[in-house]
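2 protein chains.
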Amino acid sequence: MNWKLAARAAKMNPSVLREILKVTERPGIISLAGGLPSPKTFPIQAFADACAELLHKDGQAALQYAASEGYAPLRQAVADMLPWNVDPAQVLITTGSQQGLDLVAKVLLDPGSKVLVETPTYLGALQAFGPMEPEPVSVASDDDGVIVEDLVAKAKDARFIYLLPNFQNPTGRTMTEERRAAVSAAAAAAGLPIVEDNPYGELWFDEAPPLPLTARNPEGCIYLGSFSKVLAPGLRLGFLVAPKAIYPKLLQAKQAVDLHTPIFTQRMVSAVMKDNFLDSHVPTIRALYKRQRDAMIAALKREMAGLDVKFNAPKGGMFLWARMPEGIDTVALLPKAVERNVAFVPGAPFYAGQGDPRTLRLSFVTASVEEIDVAIAALALTLREELALLAERKLAPEPA
Amino acid sequence: MNWKLAARAAKMNPSVLREILKVTERPGIISLAGGLPSPKTFPIQAFADACAELLHKDGQAALQYAASEGYAPLRQAVADMLPWNVDPAQVLITTGSQQGLDLVAKVLLDPGSKVLVETPTYLGALQAFGPMEPEPVSVASDDDGVIVEDLVAKAKDARFIYLLPNFQNPTGRTMTEERRAAVSAAAAAAGLPIVEDNPYGELWFDEAPPLPLTARNPEGCIYLGSFSKVLAPGLRLGFLVAPKAIYPKLLQAKQAVDLHTPIFTQRMVSAVMKDNFLDSHVPTIRALYKRQRDAMIAALKREMAGLDVKFNAPKGGMFLWARMPEGIDTVALLPKAVERNVAFVPGAPFYAGQGDPRTLRLSFVTASVEEIDVAIAALALTLREELALLAERKLAPEPA
Chain C
8 MNWKLAARAA
18 KMNPSVLREI
28 LKVTERPGII
38 SLAGGLPSPK
48 TFPIQAFADA
58 CAELLHKDGQ
68 AALQYAASEG
78 YAPLRQAVAD
88 MLPWNVDPAQ
98 VLITTGSQQG
108 LDLVAKVLLD
118 PGSKVLVETP
128 TYLGALQAFG
138 PMEPEPVSVA
148 SDDDGVIVED
158 LVAKAKDARF
168 IYLLPNFQNP
178 TGRTMTEERR
188 AAVSAAAAAA
198 GLPIVEDNPY
208 GELWFDEAPP
218 LPLTARNPEG
228 CIYLGSFSKV
238 LAPGLRLGFL
248 VAPKAIYPKL
258 LQAKQAVDLH
268 TPIFTQRMVS
278 AVMKDNFLDS
288 HVPTIRALYK
298 RQRDAMIAAL
308 KREMAGLDVK
318 FNAPKGGMFL
328 WARMPEGIDT
338 VALLPKAVER
348 NVAFVPGAPF
358 YAGQGDPRTL
368 RLSFVTASVE
378 EIDVAIAALA
388 LTLREELALL
398 AERKLAPEPA
Chain H
8 MNWKLAARAA
18 KMNPSVLREI
28 LKVTERPGII
38 SLAGGLPSPK
48 TFPIQAFADA
58 CAELLHKDGQ
68 AALQYAASEG
78 YAPLRQAVAD
88 MLPWNVDPAQ
98 VLITTGSQQG
108 LDLVAKVLLD
118 PGSKVLVETP
128 TYLGALQAFG
138 PMEPEPVSVA
148 SDDDGVIVED
158 LVAKAKDARF
168 IYLLPNFQNP
178 TGRTMTEERR
188 AAVSAAAAAA
198 GLPIVEDNPY
208 GELWFDEAPP
218 LPLTARNPEG
228 CIYLGSFSKV
238 LAPGLRLGFL
248 VAPKAIYPKL
258 LQAKQAVDLH
268 TPIFTQRMVS
278 AVMKDNFLDS
288 HVPTIRALYK
298 RQRDAMIAAL
308 KREMAGLDVK
318 FNAPKGGMFL
328 WARMPEGIDT
338 VALLPKAVER
348 NVAFVPGAPF
358 YAGQGDPRTL
368 RLSFVTASVE
378 EIDVAIAALA
388 LTLREELALL
398 AERKLAPEPA
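Just so you know, the sequences run in chain order C and H.
Just so you know, we're using my numbering here: the first sequence kicks off at 8 and counts up by one.
Just so you know, we're using my numbering here: the second sequence kicks off at 8 and counts up by one.
These are computed hints drawn from the structure, not numbers from a lab.
Take the hints with a grain of salt, since some may be wrong.
[Claimed, not checked] Far from chain H by the CB rule (all over 12 Å, computed), these chain C residues: (1) Gly35; (2) Ala86; (3) Asp94; (4) Phe212; (5) Ala222; (6) Leu295; (7) Glu346; (8) Leu396.
[Claimed, not checked] Some but not every residue of chain H turned toward chain C, in silico, with C-beta under 7 Å: (9) Ile51; (10) Phe54; (11) Met88; (12) Asn92; (13) Val93; (14) Val114; (15) Arg243; (16) Asp265; (17) Met311; (18) Ala312; (19) Gly313; (20) Leu314; (21) Val316.
We put the CB at the ideal spot given by N, CA and C, even for glycine.
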């Protein structure tokens with residue numbers, strides 16, 4: 008048969024990460040790799056009650072086709088939850104916030120379109136934008152987010168800038184209030200739309216992060232949110248908020264993709280969220296993840312002592328970002344770590360441009376405190392061995 | 008803000024049907040328009056039992072992130088259910104079979120690619136393919152499906168032909184065994200891949216339809232299936248089966264779109280399907296829909312007597328196709344029918360090329376037998392009035 012693939016399909020390659028990380032599903036491995044929320048945080052009983060009541064009281068509607076825009080009470084709940092004035096008519100329920108990225112790409116990106124991203128950025132966004140064949144351009148970034156001067160320099164003809172200001176994936180960094188104000192003003196001045204992704208914003212440890220960029224300029228931003236980190240990811244439930252000028256196109260793209268997000272899961276979540284459930288539930292997630300972040304930082308300080316290993320202390324979210332000593336390539340380090348029963352994600356694939364091979368991402372949410380201690384010790388051991396090997400090679404005589 | 012849309016977004020227009028049909032949600036209207044399965048057929052108690060057990064026994068896994076390929080036992084169940092030798096590794100679980108169309112388009116269609124479709128064809132497929140900007144080409148069709156000679160004449164350089172052989176949407180027609188054999192042979196000889204969509208195949212009334220096209224040449228076909236019509240559409244659960252050469256690209260496209268289909272609904276359906284549940288459940292749907300089809304045909308014969316109205320007698324599925332007398336445009340007829348509290352779908356939007364304005368689609372599954380009687384009488388009355396108006400205009404003196 009003459010299966011001729013689309014040009015974009017040739018560029019779809021098996022996710023490097025995914026292939027590497029398949030081995031980490033092996034029993035006995037402590038994975039600091041995946042971005043899996045702790046299943047201890049899933050409100051199972053609340054979901055069970057919601058399902059029972061929903062099917063008992065309104066089963067036919069909960070199982071029938073539904074509106075592409077999403078379940079009206081859930082759209083209202085999303086609007087109510089957000090810290091700026093959102094009309095529920097601007098809320099589109101998506102099959103996970105990942106789908107929001109696909110829809111945004113379909114509506115805003117032509118082949119060759121310039122799209123600005125952070126350095127590094129969320130790998131899943133690069134993968135979602137990929138099929139529309141844009142040219143992602145990395146904007147220089149520091150610990151506070153993207154650097155405004157570089158944003159301004161690269162803004163011309165860009166379709167949008169994709170930003171993850173809170174506890175970013177992969178770095179865990181948060182854009183400061185000052186930086187947000189400057190980025191928002193610079194983007195508005197340049198007429199550059201912002202696509203703001205905020206799956207982790209509720210997972211703050213000591214204080215809530217500054218206001219979203221969208222709250223500062225709703226007409227200039229598309230905002231993506233998710234229930235994956237505050238309730239459960241297996242329902243694949245997210246949302247986007249778009250200016251009224253853009254919303255109809257996103258809705259049409261949504262209809263063509265899956266008609267609507269499963270109404271059953273939308274109604275489950277809507278029911279669970281009643282009576283301000285998240286107000287009492289989310290603090291328990293924050294407390295758990297904070298303890299585990301603290302444990303990871305303590306373990307890193309203890310186990311990496313004396314090594315030139317840099318790491319940050321995220322103020323929320325799920326991930327910590329680290330940089331290994333000179334000479335280390337974390338892609339090469341990973342299989343050796345897996346041999347010692349610990350897994351992480353190498354940092355390089357998260358860069359739209361040239362990646363930093365010394366970086367890696369560690370999740371502190373899936374493994375327990377005890378597992379984190381064991382895993383970081385194993386990682387340090389792997390690293391020390393690798394450094395010894397490098398030193399040996401340096402001392403070895405040059406090949407003749 | 009400088010929101011510059013992608014070229015494809017300019018071509019996304021609000022679905023004509025959707026806009027017209029919004030009025031049909033008005034209370035008191037009997038809709039023969041939508042493709043909504045009868046909610047009486049949803050096995051609510053079986054879903055309630057499945058949810059309760061699932062959350063009790065395995066709640067954490069049912070709510071966690073999961074594999075992009077789908078839930079392994081469900082993939083196995085799909086493979087077991089299909090009437091040819093399917094390896095579960097070829098099964099991809101999708102967020103409704105609509106998503107399968109989006110993935111197929113992403114992987115196989117470039118801008119300008121020729122894609123062959125039936126005359127008429129499923130509107131949702133045209134909408135799903137649209138964002139990849141192909142050129143759909145209508146293959147002439149009769150009551151038995153596409154006409155082989157025209158398929159052969161148009162096959163050159165087409166990326167695939169999209170076919171819905173069983174109780175097609177919108178026409179309700181079924182491709183005969185003889186036609187399937189000829190289409191399968193002609194497509195294979197031309198090296199033309201087939202995308203076979205089979206959401207309605209299980210809803211046969213007197214005898215099962217002939218073997219799918221994919222069963223005749225699995226390496227030359229992608230097969231799309233759905234749980235929407237045999238269990239419930241609100242879960243948005245479908246699947247595709249693809250040759251091993253194509254599967255990895257579809258999987259990568261799937262990952263980028265929504266990571267995976269909600270695992271909770273996958274496990275619900277997997278649990279409900281245990282112990283051959285469908286073997287006893289689906290016959291109850293068939294019996295209900297058959298009664299309603301019979302009622303619709305009887306009502307059409309009774310109410311349309313003396314009018315030049317043609318309609319078919321589908322052997323299964325959800326839809327009946329009718330052609331109104333000369334001079335009638337069903338798009339213009341619809342608002343008048345809605346005034347008389349009945350709605351249908353005009354046929355013209357279902358054509359990739361020039362539509363036949365006299366055609367319309369009637370669903371016999373959502374409305375009860377009593378409602379069908381009332382609705383068809385109201386439709387006939389609307390039609391008779393419209394015909395009288397046309398006759399009057401003909402008799403009127405020519406404008407000077």
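Evaluated hints:
1. Gly35: Nearest chain H Cβ is 18 Å from Gly35/C, so the label holds.
2. Ala86: Ala86/C clear of chain H: closest Cβ-Cβ about 21 Å, beyond 12 Å.
3. Asp94: holds (18 Å)
4. Phe212: About 23 Å separates Phe212/C from the closest Cβ of chain H, which puts it past 12 Å; holds.
5. Ala222: Consistent with the label, Ala222/C stays out of reach of chain H, its closest Cβ about 15 Å off (over 12 Å).
6. Leu295: holds (14 Å)
7. Glu346: holds (24 Å)
8. Leu396: holds (35 Å)
9. Ile51: holds (4 Å)
10. Phe54: holds (6 Å)
11. Met88: Cβ of Met88/H sits 20 Å from chain C, so the hint is violated.
12. Asn92: Interface hint status for Asn92/H: violated (18 Å vs cutoff 7 Å).
13. Val93: Status violated, d = 17 Å.
14. Val114: Where the cut-off is 7 Å and the nearest Cβ of chain C is about 5 Å from Val114/H, the hint holds.
15. Arg243: holds (4 Å)
16. Asp265: Since the shortest Cβ distance to chain C is 5 Å, the answer is holds.
17. Met311: violated (29 Å)
18. Ala312: violated (34 Å)
19. Gly313: violated (37 Å)
20. Leu314: violated (32 Å)
21. Val316: Hint violated; Val316/H Cβ to chain C Cβ min 29 Å, cut 7 Å.
In this structure, the earlier hints numbered 11, 12, 13, 17, 18, 19, 20, 21 are contradicted, and the remaining ones agree with it.
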